[in-house]
Amino acid sequence: MSSFLNMRDTMALDNPVLPAVLNTDAFWPFEPKTLEECGVSEIVIESIMLQIFLNVGTLTGRNLSDRMKIPFPIVEQQLGQLRMRQLITHARPAPLNDFYYSVTESGQNRAFHYQKSMSYSGPVPVPLMDYVLSVEAQAGCFEPITENQLRAALSNVTYDPQWLDFLGPAVNSNSGVFLYGPPGNGKTTIAKCLPACRGQDIWIPHAIIDDGMIIKFYDATYHVGSTNKSTNDRVMANQEHDCRWVRVRRPSVVVGGELTMDSLEIRHDPRSNTCEAPLQLKSNCGCLLIDDFGRQRIAPAELLNRWIIPLENRVDYLTLPTGKKISVPFEQIVLFSTNLDPESLVDEAFLRRVPFKIQIADPSVEEFTELFRAACESMDIVWRPEIIDRMIDTHYRKLGRSFRRCHARDLLHQIQCLAAYRGERCELRNEFIDQVCRNYFGSNNVLDKSNNKAAELDEAGNGRNENPINLAGEGTQVLAAVAPVPSSTPLTSALNVSSRSGVGGNGGYKPSAPKPSVASTPFGISEILGEMAPEGKVRPVPAGQIPRPTNTQLPPVSPNSPTTNDRPTR
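Residue numbers (the working numbering): 2 to 571.
Read the hints as simulated data drawn from the structure, not as lab findings.
Everything numeric in this text was worked out from a predicted model, so none of it was measured.
There's no promise every hint is true.
Restricting the straight-line Cα-Cα distance to at most 25 Å, the calculated cross-link-like pairs of lysine-lysine (DSS-like) are [claimed, not checked]:
| id | residue 1 | residue 2 |
| --- | --- | --- |
| 1 | Lys283 | Lys70 |
| 2 | Lys70 | Lys217 |
| 3 | Lys70 | Lys34 |
| 4 | Lys326 | Lys358 |
| 5 | Lys193 | Lys358 |
| 6 | Lys217 | Lys283 |
| 7 | Lys326 | Lys217 |
| 8 | Lys217 | Lys117 |
| 9 | Lys193 | Lys283 |
| 10 | Lys283 | Lys326 |
| 11 | Lys117 | Lys325 |
| 12 | Lys325 | Lys283 |
| 13 | Lys325 | Lys217 |
| 14 | Lys217 | Lys34 |
| 15 | Lys217 | Lys193 |
Okay, the calculated beta carbon distance ranges per label pair [as the list claims (entries may be wrong)]:
| id | residue 1 | residue 2 | range |
| --- | --- | --- | --- |
| 16 | Gln78 | Asn173 | 45 to 51 Å |
| 17 | Lys34 | Leu134 | 15 to 21 Å |
| 18 | Asp220 | Asp411 | 27 to 33 Å |
| 19 | Asp411 | Asp161 | 19 to 25 Å |
| 20 | Ala138 | Thr395 | 53 to 59 Å |
| 21 | Thr222 | Ala153 | 23 to 29 Å |
| 22 | Arg391 | Asn173 | 41 to 47 Å |
| 23 | Glu344 | Pro184 | 14 to 20 Å |
| 24 | Glu432 | Phe167 | 40 to 46 Å |
Cβ atoms here follow ideal geometry from the backbone N, Cα and C, with glycine treated the same way.
Take these sequences, add in the hints, and give me the full structure.
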């Protein structure tokens, strides 16, 4: 009798109640049965329908339902009304008691009219209040994480065990966190792993509507579909839910130097008259990481002043293009990752609102060696600890270089590239290690040797001109041309010849002072360089004894010679 009563009570439950009873999610989007339960006006539904027909063409009713993400009975009812008003018409029959529909000329004109006010042909949006309730339900269900959960979330990365006592309370507080320390030690990687501590997936809408403005919310860049296939999830997959909502993993939004103030506000597209949700809204119930904090296009004080109130009250205020002010939840873990000291970036007032400041220091020798061993295992490289010990002594300790957690992955990747280039086996060898360290860290020792060699060449006078041409200098000697130059050759031509002939070891005429104007010089090159010596050589003359012209007048210009304006420009 008791089992009969339990069966009777279970059967008496309404279908919409079953997901809430069987499901462990804190929020479940029920499937709407009528247009009123969708929470949007009939004008919005009609606008989206006609614009889809205008963009796509002929569609069945069920295909239109899949595009709009609302149940087929609601779509079928609206299609009947549009057909009665001669905005659409039957094209041909379709399977499963359906029809192919196409838009009429009157429907096209109506669609163009709707496009002038708002161009949108995506899923039907949900009301803003429904989204606010979903965030409050899914963010308020946060349960304190334990050390085992945190270790499981960080299982794929190496870390200092002392960090756990800092990260665990920071995640449980659901407030701001500063991660600071030297670059390349995994601050960004650790921040991406923290949302996995929550473990539970969330529901987000495709789009939101308020005050007649549609805000696009779902972003495939940050919102990854749920892959949890537990038994309970397979049972709930067959239950009816509102397809305007998507079940995703807890988002992890990462932004770096490209962050601007516009990214933190509702971005309006004037052509389509639609909006895009800001980053902090997309990261609700997840994690928002500001990477390389202090290197953004905006000043740190300007960014932090924007978030002082949201971090304090957990509520953010946004402005719609219509001028309406809306309040939305600010429920996420906000992490600031920086290589700089937090006290040098912000003042004490903001540091008080970011209560957790965790330093991610360099790894120890043991952890650094373990990083190389794990990386060799993942890349199918035979592990040889003696090679790594030599590398640490040669390229780190002797040079005073610090360890970084990214070095193991980066150096082994370069070894793979080097072995593939040479057609050799990829393995740990001293030759490979020395080569990739020079490539990765820069060959400072090679540069020093090159500089020393250049200095020796300068001292020996080999390969470099000891007395370069300097027409403006005092006490220097003017070098001779390689071949004899007739005295009738203009100075400009002689200088061109000497520069092409490679006077001196520097490869040509390179004066250290501005080149003097010689276009009107009335004497030949021999008067400057001196008398010609045998075998095409010129006797050098000290710069102070260079003869100067006695006549400053220009030679007469013949009628057939080109004028100054007609001469080609060098």
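Are Lys70 and Lys217 close enough, with their CA atoms no more than 25 Å apart? It holds: about 14 Å lies between the C-alpha atoms, which stays within 25 Å.
Is 45 to 51 Å right for how far apart the beta carbons of Gln78 and Asn173 are? 48 Å, holds
Could you grab the alpha-carbon distance between Lys326 and Lys217 and see if it respects the 25 Å cut-off? 17 Å, holds
Given the proposed pairing of Lys326 with Lys358, does the C-alpha separation stay at or below 25 Å? Violated. Lys326 to Lys358 sits at ~33 Å, over the 25 Å cutoff.
How does the Cβ-Cβ distance of Thr222 and Ala153 compare with 23 to 29 Å: does it lie in that range? 26 Å, holds
Hinted pair, alpha-carbon criterion (25 Å max): Lys193, Lys283. Please report holds or violated. 15 Å, holds
For Lys283 and Lys326, compute the direct alpha-carbon distance and say whether it is at most 25 Å. 18 Å, holds
Does Lys217 sit within 25 Å of Lys325, going by the straight-line distance between their CA atoms? 17 Å, holds
Quickly compare the C-alpha distance for Lys193 and Lys358 to 25 Å and report which way the hint goes. Roughly 17 Å separates the two Cα atoms, so the pair holds.
Sort out whether Lys117 lies within 25 Å of Lys217, counting only the CA atoms. 19 Å, holds
Taking only the CA atoms, is the gap from Lys117 to Lys325 under or equal to 25 Å? It holds: about 21 Å lies between the C-alpha atoms, which stays within 25 Å.
CA of Lys217 to CA of Lys34, is that 25 Å or under? 24 Å, holds
The structure fails to meet hint 4 from the earlier list, while all remaining hints are met.
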